[in-house]
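Chemist: Given next are the chains, with one letter for each unit.
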Amino acid sequence: MSALTLTLKYRPDQRVDMSPLVCQHLQDKDPAEIAAIELQSGKCKLRVDALFKLSGSDTQNIIIRNSFEKLDFIGKELDGGNIIVEGDAGAYLGLGMKSGEIKVTGNAGLYAGCEMKKGYLEIAGNTGDFLGGALPGNKMGMKGGLILVKGNAGERVGDHLRRGTILIEGNAGDYCGSRMTAGTIAIMGKTGRYLGYAMRRGTLLLWHPPILSASFNDCGTHTLAFLPMLFKAFSSINSRFAESSAAFNRVQRYAGDMAEMGRGEILVKK
Amino acid sequence: MIINGVTIDATFAEAFPMKATRAIITAQNEKWALIAAQAMTGFATSVIACGCEAGIERTLSPDETPDGRPGVAVMMFAMGGKTLAKQLETRAGQCVLTSPTSALFAGIDGGIRIALGKNLRYFGDGFQISKVIAGKRYWRVPVMDGEFLTEATTGQVEAVGGGNFLVLAESQPQALAACEAAIEAMRKIPNVIMPFPGGVVRSGSKVGSKYKTLNASTNDAFCPTLKGMTKTDLSPEIESVMEIVIDGLTKEDIALAMRVGIQAVCDLGAAKGIKRISAGNYGGKLGPFHFHLQEIMA
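Which chain is which? The protein sequence lines are A and B, in order.
In terms of numbering that gives the first Met the number 0, the first sequence opens at residue 0 and continues consecutively.
In terms of numbering that gives the first Met the number 0, the second sequence opens at residue 0 and continues consecutively.
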């Protein structure tokens with residue numbers, strides 16, 4: 000049984016809500032039923048077969064081809080199964096994802112992996128603001144799972160992060176790790192201003208020395224036993240984080256944000 | 000049955016169900032991992048008065064441990080799950096947390112989850128940090144030598160305790176030499192521990208006593224100095240008896256350990272003063288697991 004493949008026929012002017020097209024909603028549906036599903040696009044509703052050419056029937060493995068930045072809510076609350084997005088994804092990619100895998104070959108928009116609970120989200124390109132964050136007004140961002148971004152991430156990465164791991168091979172924008180409650184964010188590239196702003200707990204793991212706010216205090220240089228285990232856990236993913244040369248256990252430790260609870264830490268490779 | 004001049008008695012060892020767990024202790028080097036493991040498994044020879052039975056299962060090379068450092072696997076056995084959990088927590092807190100450079104990890108992934116470092120984290124006084132790595136929760140507790148890293152829980156499983164055999168020899172040095180040979184061979188068997196000092200017990204017990212406050216007392220039938228005073232199980236040439244007690248995760252593990260141990264004793268043979276192999280039981284009334292010596296050695 001080949002993967003259910005949705006090939007975009009044209010690029011609509013309005014954004015499209017792709018949330019009905021997740022594996023658990025399509026289970027036990029035949030191709031005709033899937034084709035008849037209506038997707039919200041602006042004020043209109045579009046049938047799936049009006050927007051996509053359909054092939055394959057394995058609803059637990061979905062491929063979205065010719066995807067572009069206006070396809071929002073891809074993999075919303077995904078609960079098992081795999082989604083591959085060939086091209087760019089819009090906003091709210093993997094919103095509230097519960098389990099399963101999403102891989103995007105291009106870029107992703109705002110709020111990717113937002114309030115994600117479990118599973119694996121991989122973005123080969125860049126991603127917008129609030130990666131793994133919380134929806135506006137909500138107090139809890141990502142609560143579990145793993146997000147890998149191979150490019151750069153926007154501002155407010157891991158805003159209100161509660162649990163889980165975010166790996167960024169490129170750079171991260173301002174306010175990275177803001178208001179974190181726990182969890183881990185690792186950034187191989189550079190970070191912007193206000194790193195860890197108002198973070199309560201959690202770990203920011205950096206390869207490059209950051210611009211630190213005055214509310215982070217130097218705790219000295221240390222060899223930490225948990226770091227080799229953390230890197231070992233990344234060894235199976237398709238990433239530079241999996242390379243043995245990426246691993247280290249000697250870090251400069253900064254504690255903060257002292258303007259908040261101050262139990263968070265920024266660990267910088269020595 | 001006679002092996003190399005050693006008589007294998009037509010009797011059986013009687014064992015009973017226990018709860019077991021395993022923990023992995025790592026440290027900067029094997030020396031310090033062993034020190035922590037020895038402390039943790041100290042005073043844990045018998046549930047009669049120690050609360051649990053514990054021992055070192057084996058040493059682990061760096062590629063076998065979660066944090067890539069030299070380590071030691073320790074196993075603990077108790078009659079009930081609550082006792083086991085309490086003993087584990089107390090011993091981990093007093094013996095491993097305190098030991099320089101140590102880290103503590105689960106040695107059993109399945110089973111009922113019991114606290115390993117879950118409560119030790121409070122030693123961190125609010126500075127402790129939780130990390131979930133590959134689905135497992137760990138605690139980083141700040142201590143004076145750096146950080147104590149511990150997994151939150153380990154697994155508790157059903158197990159078997161009290162497997163045993165007795166080595167009957169012509170002299171005390173010969174009995175001890177035979178037991179040392181047996182222990183050396185048995186330590187290569189996974190999933191078992193021999194909880195007594197050096198794996199050997201010289202004070203095997205029987206159930207009950209003439210003193211009402213004691214529920215166990217010396218096994219007079221196997222005491223060589225009482226041959227003329229009690230209903231003895233010893234022939235005139237036997238001058239010393241020593242016992243090896245085995246706790247294991249399954250009855251198959253214990254049977255294998257017994258077989259390997261008895262074989263090592265028999266390899267020394269009658270020429271080295273070993274006369275008989277026997278076993279301790281309570282007439283089959285106490286424990287559901289019976290290890291018949293002649294079946295094991297067949």
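Since the hints were derived computationally from the structure, they do not count as laboratory data.
It is possible that part of the hints are untrue.
Claimed, not checked - Heads up, incomplete: computed chain B residues facing chain A, CB under 10 angstroms, no partners named: (1) 125; (2) 129; (3) 146; (4) 148; (5) 152; (6) 154.
Quick caveat: nothing in here was measured; it's all calculated off a predicted structure.
Using N, Cα and C, we set each Cβ at its ideal position, and we do this for glycine too.
Chemist: Are residue 152/B and chain A close enough, Cβ to Cβ, to be under 10 angstroms, as the hint says?
Modeler: violated (16 angstroms)
Chemist: Does residue 125/B hold up as a contact with chain A if the rule is Cβ-Cβ below 10 angstroms?
Modeler: Where the cut-off is 10 angstroms and the nearest Cβ of chain A is about 7 angstroms from residue 125/B, the hint holds.
Chemist: Closer than 10 angstroms between Cβ atoms is the bar; does residue 129/B clear it against chain A? Give me holds or violated.
Modeler: holds (7 angstroms)
Chemist: Could you check if residue 146/B really has its C-beta closer than 10 angstroms to a C-beta on chain A?
Modeler: holds (6 angstroms)
Chemist: Does the interface hint hold: is residue 148/B within less than 10 angstroms of chain A, judged Cβ to Cβ?
Modeler: At about 4 angstroms, which falls below the 10 angstroms cut-off, the nearest Cβ of chain A leaves the hint on residue 148/B intact, so it holds.
Chemist: Let me know if the C-beta of residue 154/B comes in closer than 10 angstroms to any C-beta of chain A, holds or violated.
Modeler: It is violated, given that the least Cβ distance between residue 154/B and chain A is near 19 angstroms, above 10 angstroms.
Going down the numbered hints, you'll see the structure goes against 5 and 6, while the others check out.
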